[in-house]
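Sequence order for the protein chains is A and B.
The first sequence begins at 1162 in this note's numbering and counts up by one.
The second sequence begins at 476 in this note's numbering and counts up by one.
One should not assume that every hint holds.
As the list claims (entries may be wrong) - Far from chain A by the CB rule (all over 10 Å, computed), these chain B residues:
#1 Met476
#2 Asp501
#3 Lys509
#4 Asp526
#5 Thr527
#6 Ser538
#7 Val539
#8 Pro547
#9 Ile554
#10 Glu563
#11 Ala583
#12 Val590
#13 Arg612
#14 Lys625
Claimed, not checked - What the simulated footprint calls covered on chain A by chain B, stretch by stretch (three residues with Cβ under 8 Å from a Cβ of chain B suffice, anywhere in the stretch; the number is not a length):
#15 1243-1254
#16 1348-1354
#17 1563-1574
Hints were generated in silico from the structure; no laboratory data involved.
Yeah, the Cβ is synthetic: ideal placement off N, Cα and C, and Gly gets one too.
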Amino acid sequence: MFKDNIAGAVRALSANDNIAKHRATTVDRRNFLRLSAGTGAGLVIGAYLPAASPTPAAAAPGSAGDAVFNPFVTITPANKVIVLSKHLDKGQGTATGLATLVAEELDADWSQMVAEFAPANAAVYKNFQFGVQGTGGSTAMANSFEQYRKAGAAAKAMLVAAAAQSWKVEPSKITVAKGVVTDGKNKATFGELAAAAAKMPVPENPMLKDAKDFVYIGKSFPRLDQKAKVAAAPVFTQDIQLPGMRVAVIARSPKFGGKPTAVDAAKAKAVKGVSDVVTIPGGVAVVAASTWAAIKGRDALQVTWDDEAAEKRGTAELIAEYQALADKPGLSVRKDGDAAKAIAGAKTVIEAEFVFPFLAHAPMEPLNAILAFKDGKATIWSGSQLQTVDQAVASAILGIKPEDVAVKTQWAGGSFGRRAVYNSDYVAEIAHIVKALGTDQPVKLVWTREDDIKGGYYRPLYVHKVKVGLTADGGIAGWQHRIVGQSIMDGTAFAATSIKDGVDSTSVEGVHDTPYVIPNFEVELHSQKFGAPPLWWRSVGHTHTAYVMETLIDEIAVRTGKDPVSFRLSMLEKHPRHAAVLKLAAEKAGWGTPLAAGVSRGVAVHESFKSFVAQVAEVRIVDGQAKVDRVVCAVDCGLPINPDNIVAQVEGGIGYGLGAVLHSHITLTDGVVDQTNFGDYEVLRFNEMPKVEVHIVPSTEPPTGIGEPGVPPLGPAVANAIAGLTGQRIRQLPFAMHKLAAS
Amino acid sequence: MKLSINGRDIEVAADPDTPLLWVVRDELGLTGAKFGCGQALCGACTMYADDTPIRACVTPIESVAGQKITTPEGLEGRIAEAVRAAWEKHDVAQCGYCQPGQIMAAVALLNGKPVPTDADIDEAMTGNLCRCATYGRIRTAILTASETLKG
Chain A
1162 MFKDNIAGAV
1172 RALSANDNIA
1182 KHRATTVDRR
1192 NFLRLSAGTG
1202 AGLVIGAYLP
1212 AASPTPAAAA
1222 PGSAGDAVFN
1232 PFVTITPANK
1242 VIVLSKHLDK
1252 GQGTATGLAT
1262 LVAEELDADW
1272 SQMVAEFAPA
1282 NAAVYKNFQF
1292 GVQGTGGSTA
1302 MANSFEQYRK
1312 AGAAAKAMLV
1322 AAAAQSWKVE
1332 PSKITVAKGV
1342 VTDGKNKATF
1352 GELAAAAAKM
1362 PVPENPMLKD
1372 AKDFVYIGKS
1382 FPRLDQKAKV
1392 AAAPVFTQDI
1402 QLPGMRVAVI
1412 ARSPKFGGKP
1422 TAVDAAKAKA
1432 VKGVSDVVTI
1442 PGGVAVVAAS
1452 TWAAIKGRDA
1462 LQVTWDDEAA
1472 EKRGTAELIA
1482 EYQALADKPG
1492 LSVRKDGDAA
1502 KAIAGAKTVI
1512 EAEFVFPFLA
1522 HAPMEPLNAI
1532 LAFKDGKATI
1542 WSGSQLQTVD
1552 QAVASAILGI
1562 KPEDVAVKTQ
1572 WAGGSFGRRA
1582 VYNSDYVAEI
1592 AHIVKALGTD
1602 QPVKLVWTRE
1612 DDIKGGYYRP
1622 LYVHKVKVGL
1632 TADGGIAGWQ
1642 HRIVGQSIMD
1652 GTAFAATSIK
1662 DGVDSTSVEG
1672 VHDTPYVIPN
1682 FEVELHSQKF
1692 GAPPLWWRSV
1702 GHTHTAYVME
1712 TLIDEIAVRT
1722 GKDPVSFRLS
1732 MLEKHPRHAA
1742 VLKLAAEKAG
1752 WGTPLAAGVS
1762 RGVAVHESFK
1772 SFVAQVAEVR
1782 IVDGQAKVDR
1792 VVCAVDCGLP
1802 INPDNIVAQV
1812 EGGIGYGLGA
1822 VLHSHITLTD
1832 GVVDQTNFGD
1842 YEVLRFNEMP
1852 KVEVHIVPST
1862 EPPTGIGEPG
1872 VPPLGPAVAN
1882 AIAGLTGQRI
1892 RQLPFAMHKL
1902 AAS
Chain B
476 MKLSINGRDI
486 EVAADPDTPL
496 LWVVRDELGL
506 TGAKFGCGQA
516 LCGACTMYAD
526 DTPIRACVTP
536 IESVAGQKIT
546 TPEGLEGRIA
556 EAVRAAWEKH
566 DVAQCGYCQP
576 GQIMAAVALL
586 NGKPVPTDAD
596 IDEAMTGNLC
606 RCATYGRIRT
616 AILTASETLK
626 G
């Protein structure tokens, strides 16, 4: 009785919630594998858009009358336009962005738009930059821009054709606006026309709108997931409860690479609710009727670990090793002229060594995934960021074909890179658990926060060693730059495209391709192995390279008596987009105007993921630490699709980057991670968030990334402001390691 | 034992030392309050016990017997409506996972201080983490809700 009431309350709360509503009714009703299976490779519209199935969607079992126009657009009899996002939305707003593209070309009304996630199917839903279905590298908008517009335009043409047939008028007499189709006399909604329209011929090359006719692109419409999230609706994997579902929590080796040799499960099994303890590669899983029972069961579990092959180094040893390596020549990444000679003959030489710590992503929703395996078919529920990789990994473990693994992508409570894993680490874990249990009932794997903080897949620790020689007039004579750290791409499926001649581009991006004019420039790399697996972390290599480049350029300007903005501009003559954001940020920040006593400005500009971002930070010193009051940001990410979402992503990137440079580091002692939770792995808190102003450069260039590019300039902008206050050039992060004193 | 949740009395089967969060999420199926840290460090699990925000992830159910528990699903009234409307107006949520807890904290703040200062907002909200760093919009939305409630 009470449970019914609660269920009723949840339903009432989410009554207006597109996500929850459609999730409840559509989870199983559309089988998009059918779509591609029916058409083979599919009739191709343009380069990107596979055609709809020739089978009328309305006839498909369980499709409840929905009209499937193509793999991206479905229109329901209730007049909703469902846009299937091939990309995960983990907060970055991609699902809304892709729906915007469809709404634009379809001339839909925003109130009828619904965002859902596409199933796993690389043939139909691959990321054109990855080759697999996946989200990352701030590529979602860039690689979907034409595809989703064409999907909307094709659906619109089919709606018009259906109306023309029904009303016996020429299609050219029909107009569509805000979800209404009319010839001036007759009028119909999309929902009314959808069933007939979906049977119309699929146009091979639907006309796309001219930019001057855009009604959605370039304007800000609210996120389609906002209402459900505000209503606390169950949209996350963590919230899914399936009949018969159990929960698994895993005991993993305290040292990376340790293996369980002996397991005493007696005490764990004595915990009420614990049903099974199973050993899987890399750990021992406790399976229970509830999450708390699984956690308690794991606490009670006794495992002996074999550390023979485990990583036993701590970060202190690792840093010392990297520092020693940085004194030796590495793999050449770039060599212009003779840097050593130029530096030897220079008037002034700056030598700088930087140390960047391991960082955990720590998304608010701890990692999780649900897997059910019955009658040779598996289903995964997960905030899946590499759907077809997760599918392939699970299928290999379960011994079935990839197409027999359905991936039901859920809204993810953050990721920052952690849910896109080349080896699908936590999906592999749940597949191993279900396989070991031999159950046909679903099991949810839950990572605790401690598992997340201690679990590896970190932004790798990096050391940079740089020597810069300056000429008598303060110009750069030569620049020698060595980078030491783990390669993120080594050993992954992305190695082929990311590693060339032994150089992982993500280790050096932002240095070797600097826009600044540097004569006699040498960049070298030492790629190292370490037991803690590395992973991309919001803005990847730019997390450290932008810091090194932008603090050094700043230091050179200051030491040679030049204005940091003017000095940069003087070296960016061939890079107008860098220069434009730098000028705009400086202007909006009042660069050069007086500040209150004790406040200093710092600036940085950096390109990442083909977007250009400049930031000016205003900083004070409070109790020996940096307090950032304000950040003024200018961004050029090509044609802005949803300006407010661009602003939101940059605000978020600034907060994410600021928390890291102020506080965050993962350290290890004798191979064991020292941090456990948000108490010792500190991130940005509410009272530390600066005022952020974001200015978007108008552009008609193709849209580029925005999820990540707000992060890289933040650290150096703040560091440069600190140097202005204290004279300290901070070269080991986070800032919390240093006592700052205003000079 | 018996709990009062969102205005209803209910008998739960869990042991008395079980954290309230897991009873509410796993046993009652109310998933609005989130699991974020399990150590009262992030605020994602915020509920009220007699109108006071608590961290349900470290609150054994035996300690709240006899108190009125409110979860995000049961949060209602004028202030809650104003806060939710302000959240939507400013498109606050990104990933959204922390937002039920943020909204619980914001409503509690406005309940005690209808016109909060920036310092009041800092104090009320600093225990609630948001990794998407929507903090600026949360502040704006709280001020908007406060304005709405004045009128």
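Comparing the hints with the structure gives:
1. At roughly 14 Å from the closest C-beta of chain A, the C-beta of methionine 476(B) stays outside 10 Å, upholding its exclusion from the interface.
2. At roughly 4 Å, the least C-beta separation between aspartate 501(B) and chain A is not larger than 10 Å, which violates its mark as non-interface.
3. Chain A draws lysine 509(B) into its interface by the beta-carbon criterion, the shortest separation being 7 Å against a cut-off of 10 Å.
4. Look at aspartate 526(B): its CB is around 18 Å from the nearest CB on chain A, clear of 10 Å, so calling it non-interface holds up.
5. Chain A leaves threonine 527(B) outside its interface by the beta-carbon criterion, the shortest separation being 19 Å against a cut-off of 10 Å.
6. The beta carbon of serine 538(B) sits about 15 Å from the closest Cβ of chain A, which is more than 10 Å, so the claim that it is off the interface holds.
7. At roughly 16 Å from the closest C-beta of chain A, the C-beta of valine 539(B) stays outside 10 Å, upholding its exclusion from the interface.
8. For proline 547(B), the shortest C-beta to C-beta distance to chain A comes to about 4 Å, within the 10 Å cut-off, and the non-interface label is violated.
9. Annotated as non-interface, isoleucine 554(B) keeps its C-beta farther than 10 Å from every C-beta of chain A; the closest such distance is 14 Å.
10. Remark: the non-interface label on glutamate 563(B) conflicts with the geometry, its nearest Cβ contact in chain A lying 6 Å away (cut-off 10 Å).
11. Every Cβ of chain A is farther than 10 Å from the Cβ of alanine 583(B); the closest lies at roughly 14 Å, confirming the non-interface assignment.
12. The Cβ of valine 590(B) lies farther than 10 Å from every Cβ of chain A, with a closest approach of about 19 Å, so its non-interface assignment holds.
13. With 10 Å as the threshold on Cβ separation, the claim that arginine 612(B) sits away from chain A is violated: the shortest Cβ distance comes to roughly 7 Å.
14. Every Cβ of chain A is farther than 10 Å from the Cβ of lysine 625(B); the closest lies at roughly 21 Å, confirming the non-interface assignment.
15. For the segment 1243-1254 of chain A, the proposed coverage by chain B is satisfied: 4 residues have a C-beta within less than 8 Å of a C-beta in that chain, meeting the threshold of three.
16. Only residues whose C-beta sits within less than 8 Å of a C-beta in chain B count toward coverage, and the segment 1348-1354 of chain A has 0 of them, not enough to reach three; the restraint is violated.
17. With a cut-off of 8 Å between beta carbons, the segment 1563-1574 of chain A has 3 residues touching chain B; three or more are needed, and the interface restraint holds.
This entry does not satisfy hints 2, 3, 8, 10, 13 and 16, going by the numbered hints stated previously.
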